[in-house]
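Protein chains: 2
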Amino acid sequence: MSKIDDITHQERLVQAAGCPMPNIAKLIGGKWKLIILQILIFQGMKRFNALRRLCGDITQTMLTNQLRALEKDGLVKRKVYAEVPPRVEYSATQKALDLTDMFMCMHDWYVKHDK
Amino acid sequence: MSKIDDITHQERLVQAAGCPMPNIAKLIGGKWKLIILQILIFQGMKRFNALRRLCGDITQTMLTNQLRALEKDGLVKRKVYAEVPPRVEYSATQKALDLTDMFMCMHDWYVKHDK
DNA sequence: CGGAATCCCACAGGATACTG
DNA sequence: CAGTATCCTGTGGGATTCCG
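Listed in order, the protein sequences are those of chains A and B. Under UniProt numbering, the first residue of the first sequence carries the number 1, and numbering increases by one thereafter. Under UniProt numbering, the first residue of the second sequence carries the number 1, and numbering increases by one thereafter.
Careful: at least some of the hints might be erroneous.
No copy labels: a pair is met if it fits in one copy or bridges any two.
Calculated cross-link-like contacts (lysine to any residue; reagent style SDA-like; alpha-carbon spacing at most 25 Å) [said to hold, decoys possible]: (1) K115 - I7; (2) K112 - E83; (3) K79 - L54; (4) K77 - T61; (5) K112 - N23; (6) K46 - H9.
Honestly, the hints are just simulated from the structure, not real lab data.
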């Protein structure tokens, strides 16, 4: 590792030490948000009921709530088609896609320690 | 990026897509665990009351609970000194230190999107 | 100082029914 | 199909007290 990279790394360490976790928890905390985001980020756009099935045993109400919150925070895009029966498609925004690295870190860590 | 690196990256993406988030949430979810871990990882060993102050307004009971849970999951080391008054020091285990990358990802993401 | 024991409650999360 | 609208419950988290 070069000297400049080393300095950059140290700087990132210092910065990360002060990162406000409560703010992050507001965005991606709770029982379902990471699950929903993982699906939309790695599997792409999904319709409501498809997402519902992939989430496991989440209820309609809860899925709606979580999706609304994620949408409000700019993590999920909601596209409604004017059709009958109705069709609504959910997908990850760029902001959500930028969490890909974090998900991979989590996965690598999980595999290393708990698999 | 070389071809082999590219394949590795693709493979990591596929793997991460199936990473069980509920299991991870069990380990580092909830209101306090990420905060506690962040302190111990980036600031090193802390005594109980020092940790308490750094956490903000966490109660003794809750801090004890969270530390016990983290210790049980191998994320926190607890060292008791046979002194009067008692002294207990908490520190991050290697398993917790391996979360450093994840914290930096979170921080970079937070800075990019919400700072 | 660093807890354990108790009691307590708001609210995250869930079950059910109804609807455009 | 993709939602609301209600009502309900469990538990994550908190306040207080006591203790070695």
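Let me make sure I understand: some of the numbered hints might not hold for this structure. Which ones are they, in numerical order?
Checked against the structure, the only hint that fails is number 2, while the rest are satisfied.
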